[in-house]
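Put together the whole structure using the sequences plus the hints.
Residue numbers (the working numbering): 166 to 395.
A couple of the hints might just be wrong.
Claimed, not checked - Just the calculated beta-carbon pair ranges, DEER-fashion:
{"#": "1", "residue 1": "238", "residue 2": "353", "range": "24 to 32 Å"}
{"#": "2", "residue 1": "243", "residue 2": "311", "range": "32 to 40 Å"}
{"#": "3", "residue 1": "376", "residue 2": "327", "range": "24 to 32 Å"}
Read the hints as simulated data drawn from the structure, not as lab findings. Every residue, glycine too, gets a C-beta built ideally from N, C-alpha and C.
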Amino acid sequence: MDIETLKQQAGEEAVALAVRPSMIIGLGTGSTAVHATRKIGQLWQAGELPGIVGIPTSEATAVAAARFGIPLGALDAYPVIDVVIDGADEIDPHFNLIKGLGGALLREKIVATAAKRMVVVADARKQVNLLGTRAPVPVEVVRFAARPCYDYLTTLAARVEKRTEPDGQPYLTDENNYIFDCYFDGITGPVALAQAIRQQPGVVEHGLFLGLATDVVLATTRGIEILHRT
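Given below as structure tokens:
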């Protein structure tokens with residue numbers, strides 16, 4: 166079975182696990198989370214999820230959700246979210262995550278923090294024993310502070326790269342900020358690192374999602390595995 170089919174199964178299984186009528190639902194960003202958004206839209210159109218409201222975690226997700234017909238809202242009106250379904254770039258055994266390779270880490274973390282439950286959908290390649298072994302930690306910074314933030318992050322990470330578009334122009338987030346991708350040879354103290362990153366003025370947010378995920382729906386070659394944080 167190809168990886169895209171596995172991702173679709175994981176997204177749909179997450180919806181079956183956690184989504185019910187009249188819920189406020191955080192809609193994640195990325196190639197796996199979009200399958201959950203599509204399934205939610207199909208169920209809403211079929212009349213099986215009346216009363217739901219979706220809170221998208223990026224402009225791209227908002228466009229996709231609207232195409233699927235999902236009623237959308239904002240945190241001003243819905244500050245408490247019942248569940249968010251989102252992807253991850255790395256997942257460690259303690260359900261800590263690295264997120265943000267898709268560029269939406271700020272809104273993703275805002276929504277995840279506002280949610281009562283966070284269901285992560287991913288394929289088995291995203292499982293790691295130690296964060297930072299496969300994916301960099303994205304750090305979103307305001308453009309005015311780009312140089313001091315870069316210089317500071319180089320004191321923490323093995324390597325720091327400013328994210329760019331294919332044409333070489335700087336990548337801009339939905340909030341018009343830069344992203345620096347910080348590479349580590351494994352992160353043994355993610356809590357301490359998260360605190361250290363935030364100490365620098367100009368840093369808006371980082372891609373370490375610690376203690377937020379409650380469930381993981383994992384697509385593997387053996388089928389779908391559902392894991393719950395204890």
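Results of checking the hints against the structure:
1. 238 x 353: 24 to 32 Å: Given a distance of about 40 Å, which is not inside 24 to 32 Å, the answer is violated.
2. 243 x 311: 32 to 40 Å: holds (33 Å)
3. 376 x 327: 24 to 32 Å: Check passed, 29 Å falls within 24 to 32 Å.
When the structure is compared with the earlier hints, a violation turns up for hint 1 alone.
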